[in-house]
Amino acid sequence: MKEILVVGGANVDLVGIPDKPLRIRDSNPGKISVSFGGVGRNIAHNAVLAGAKVELATIFGNDLLGTSCAEDCRRVGIRLTHSRFSSTHASSMYLAVLDAGRDMHLAISDMEILDELDEERLVPVISSLDEQDFCVLDTNLKQEVIETLSEAGRCRFALDPISTRKALKAKHLLHRFHVLKPNRYEAEVLLDMKIETLQDVHTALNRFIEIGIAEVIISLGEDGIAASNGVDVVLLKMVPERVVNATGAGDCFLGAYLAERLRSDDFVHCLSYALAASVLTIQKEETVVQDLNDEKIRAFLLEHPVERKNLT
90 MKEILVVGGA NVDLVGIPDK PLRIRDSNPG KISVSFGGVG RNIAHNAVLA GAKVELATIF
150 GNDLLGTSCA EDCRRVGIRL THSRFSSTHA SSMYLAVLDA GRDMHLAISD MEILDELDEE
210 RLVPVISSLD EQDFCVLDTN LKQEVIETLS EAGRCRFALD PISTRKALKA KHLLHRFHVL
270 KPNRYEAEVL LDMKIETLQD VHTALNRFIE IGIAEVIISL GEDGIAASNG VDVVLLKMVP
330 ERVVNATGAG DCFLGAYLAE RLRSDDFVHC LSYALAASVL TIQKEETVVQ DLNDEKIRAF
390 LLEHPVERKN LT
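Residue numbering for the sequence shown is 90 to 401, as defined by my numbering.
None of these hints come from the bench; they were simulated from the model. Treat each hint with caution, since some may be false.
Stated by the list, open to error - Under the rule of at most 27 angstroms between Cα atoms (straight-line distance), these lysine-lysine pairs were calculated in the DSS-like manner:
id, residue 1, residue 2
1, LYS373, LYS142
2, LYS120, LYS109
3, LYS398, LYS385
4, LYS398, LYS326
To be verified - If you anchor each label on the Cβ, the simulated ranges turn out as follows:
id, residue 1, residue 2, range
5, THR170, LEU111, 37 to 45 angstroms
6, GLU220, VAL333, 36 to 44 angstroms
7, LYS231, LEU184, 42 to 50 angstroms
8, LEU184, LEU153, 12 to 20 angstroms
9, GLY310, ILE113, 33 to 41 angstroms
10, ASP188, ARG397, 29 to 37 angstroms
11, ASP219, LEU262, 17 to 25 angstroms
12, GLU205, GLU240, 17 to 25 angstroms
13, PRO213, PRO394, 40 to 48 angstroms
No experiment lies behind these values; they were computed from the predicted model shown. Cβ coordinates follow ideal geometry from the N, Cα and C atoms, glycine included.
All chains should be built: construct the whole structure from the sequences, respecting the hints.
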């Protein structure tokens, strides 16, 4: 059976949502939610919800939060065969403050525990994966870990750059990745260019393909996604009825995309499927929508056709 291995972070998410526009350097009334997250964990969770077989390799804190996070992963169907608990670090945490539009205003991430990840222990695991399997690496990992793991096997590697600063860890390794999903700003840093116009987007896609990436997907926020596999070069958009919490949209997109990509060779269809999943996520309070599933994604996609523009 085709599967996805995700190597990355699992942590406790604290998300603050203000009742009114944010006032900087002041106390803002609102709501604070606590949930289990982390880019790696969230991608894994969304892939499971979309129907894929998924393994997460991470480090949990050997404390109440870490134990609870691991138990929650198992509850939702994420396998943890290659994960372990740290005896020296507390559980990692992620604090996000959203703005009045429910988009991220700022965030603080404490993921030092991932420095304990033993890449040599994971090399045989990745080497055992098939050419059709995916291995997702997130840039919360140390640069040397990304370097070692991204050449460890014959599977298809996927990269989530996470942020402009963390994206730099993999800038010299892009040719090793089959799938790359940066946002506009991460793409700018990776290519040393400004992306302001549609022509810039087209140029960026072509440059990534020339580097050797098989499938590149650039998130453009409310303007949708631009993607290329070297044959199909498209701009896709699906407008949500409302935006409640955009924090988990990117992780949902990649998890759903890879899950559907295991089942289908239709590049544009897989993009559309993932876009539908991310729009469903944006419209909910949860960073990962617990009741999301393959059937709901397909039904939503049938009812809400994706706007497509060819960029070739």
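Hints, verified against the model:
{"no.": "1", "hint": "LYS373 / LYS142", "result": "24 angstroms, holds"}
{"no.": "2", "hint": "LYS120 / LYS109", "result": "11 angstroms, holds"}
{"no.": "3", "hint": "LYS398 / LYS385", "result": "25 angstroms, holds"}
{"no.": "4", "hint": "LYS398 / LYS326", "result": "9 angstroms, holds"}
{"no.": "5", "hint": "THR170 / LEU111: 37 to 45 angstroms", "result": "42 angstroms, holds"}
{"no.": "6", "hint": "GLU220 / VAL333: 36 to 44 angstroms", "result": "39 angstroms, holds"}
{"no.": "7", "hint": "LYS231 / LEU184: 42 to 50 angstroms", "result": "22 angstroms, violated"}
{"no.": "8", "hint": "LEU184 / LEU153: 12 to 20 angstroms", "result": "18 angstroms, holds"}
{"no.": "9", "hint": "GLY310 / ILE113: 33 to 41 angstroms", "result": "22 angstroms, violated"}
{"no.": "10", "hint": "ASP188 / ARG397: 29 to 37 angstroms", "result": "30 angstroms, holds"}
{"no.": "11", "hint": "ASP219 / LEU262: 17 to 25 angstroms", "result": "22 angstroms, holds"}
{"no.": "12", "hint": "GLU205 / GLU240: 17 to 25 angstroms", "result": "21 angstroms, holds"}
{"no.": "13", "hint": "PRO213 / PRO394: 40 to 48 angstroms", "result": "45 angstroms, holds"}
Taken one by one, the earlier hints fail for this structure at numbers 7 and 9, listed in ascending order.
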